[in-house]
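Model the full structure from these sequences, guided by the hints.
First to last, the protein sequences are chains A and B.
FYI, the numbering for the first sequence is 1 to 474, going by this note's numbering.
FYI, the numbering for the second sequence is 1 to 216, going by this note's numbering.
Worth double-checking, as some hints may not be accurate.
If you want the footprint, here are the derived chain B segments under chain A, 3+ residues with CB under 8 Å [unchecked claim]:
hint, stretch
1, 21-29
2, 49-62
3, 77-91
4, 194-202
The hints are simulated quantities; they were obtained by calculation from the structure and are not laboratory data.
Model, not experiment: these values are computed from the prediction.
C-beta atoms are modelled at their ideal positions from N, C-alpha and C, and glycine is treated no differently.
Below, each chain spelled out in residue letters.
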Amino acid sequence: MAKTLYDKLWDSHLVQQRDDGSALIYIDLQLLHEVTSPQAFEGLRLHGRKPWRLTSSLATPDHNVPTTVEERKSGVNGIADPVSKIQVTTLDDNCDEFGITEFKMTDIRQGIVHVVGPEQGATIPGMTVVCGDSHTSTHGAFGALAHGIGTSEVEHVLATQCLVQKKMRNMLVRVDGELSPYVTAKDVVLAIIGEIGTAGGTGYAIEFGGSAIASLSMEGRMTVCNMAIEAGARVGLIAVDQTTIDYVKDRPYAPKGAHWDMAVEAWKDLVSDKDAEFDEVVVLNAADIKPQVTWGTSPEMVIAIDQDIPRPEDQADAVTRDGYARAWKYMGLEGKKTLADITLDRVFIGSCTNSRIEDLRAAAEVVKGRKVADTLKQAIVVPGSGLVKEQAEKEGLDKIFTEAGLEWREPGCSMCLAMNADKLGHGEHCASTSNRNFEGRQGFGGRTHLVSPAMAAAAAIAGHFVDVNELVKH
Amino acid sequence: MRPFTTHTGIAAPLDLANVDTDMIIPKQFLKSIKRTGFGKNLFDELRYEDEGQPDQECTGRPLRKDFVLNQDRYQGTSVLLARSNFGCGSSREHAPWALDDFGIRSVIAPSFADIFYNNCFKNGLLPIVLKEEEVDQLFEEVEANEGYELTVDLENQTVKTPSGTEFSFDVDAFRKHCLLNGLDDIGLTLQQADAIHAYEEKRIQTAPWLFEARAL
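Right, dumping it as structure tokens:
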């Protein structure tokens, strides 16, 4: 029978199928960070349990770490917030105690787990990958079955190398045709979420396909899969092709020698069969997608840069109308008609969605030779890992950013969720390359607008949202 | 884990769709390395006027009068009525920990986000999916009747209203079994150690690169 990519990954990791529909699934890689792991390690200790297989785990602190050069100089001791410091220290202690490999704060390989895993070749095609973080869907870009889990499941995977799962349904989101200039992976995934909604993918594993997806780099594919969860799908997937294999080759933890050849041969099957059936198919035309900006407090509240902000009173459905009214109030949109009417206070370029080298290059290209608007309080660029930072500096991107008036920071999750000192003030509007525009996400009362790195860069220069295509013309 | 069999308690209506886990428990409280103590910060930004800080005493903080759980008639709520896509966003298990610590034993909504739904079962909390029109009816009844209580019966998979109306709900057999008996599912999985070893022995033949000691 013809199988989807998800079916194949599921079948190859099935340890035990139970009569009640649940199954035991084998996990090849678990990524760990400081926020969702302490209670899991504590659980192991309480029950006298040990990790099942040490070589399947990789840890790094990312959510709490400060991003200023000054604070980072002395590693964990430089964390000013005592509560954050305890959490990072606890991760260090747990990894030392249980013998788990960790890239500590002073290690150049430290960074956001979802940047680090692929960068190291720890994430490879055909794997199952989990992490106590919903953006684990990122790793699906490699044709790996990857999803976020809660802390109890982190403990379960540590102790048993397995998860109890029920098979999801299959959805194909196909994006056909060619993307317009300055329309990026971020715009594609925001447009998809706008189309299917934040619950549209609930219960599904979404495979992203079509020529526009195939044309994306691995960085772009990771951006798309990263936000599958914002469409409700725990799993995002993209078929393996030469782009995938070229990216993985020679990375530190990637297979080598004869194992590499064997692996590549096996990975060629990591595509959905031609006549595989999906439970749901959604098709978008790449040429119709314009640069996207969210206006509200849910990723589905998104429009193209040239559209008017939708008004609550124009919504037919009562629940939508109430939701829009609440979002309008929270976002302070009264009297505003278009996105350009919103005065921005801060710009954030970073997060597991958009902090890879390609993202930084795209932003740098836009700000090069230009200056950040005087009206902005702050614009920061936070690379996804120490190695991304190093590469960017080799290319001189840091100079381009600082000369334009943006701050160049140390790697971490930073302002995406504001667990460290990088946050929005009450009522401030931010053009952010992150993944969630929820109320309070980037700071108490903060107002987030999700955009691509190129659009964030253009917004930083203009001080308000503008089509990056217009900005670069001048 | 604490078993869940039946529960009767005051219901409160949270009339908001897409309640995300950042709303349920904001990020500054995720810095704790414990599983308990999150209840006072449940729905922190909806519940208090000011910005909450970790380890802060919450009794003197200004309350938002319009927030449902702050109203006198909903004190002691243990069954939360919610709208669609409840628990969307981050995978933080701190969300069910906070609900549990506050005293919520069951959440009823037309739909839930997958990760949150799953996390509830690991913590003795029962998420119940009812039909949209059934949830609408419960919202109407609870708002019209002070002291309105619901009885949630996991064994029989029903939600019973004070007037005796029963709504039935679906739940996976395995999850139901674990929740009814308060079972530690790690212990259950470890009983299958032989099957896990057998899988590994087979898999190492076909995909040896996944088992290399890659200095990970």
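Cross-check of the supplied hints:
no., hint, result
1, 21-29, "holds (count 5)"
2, 49-62, "holds (count 3)"
3, 77-91, "holds (count 7)"
4, 194-202, "holds (count 4)"
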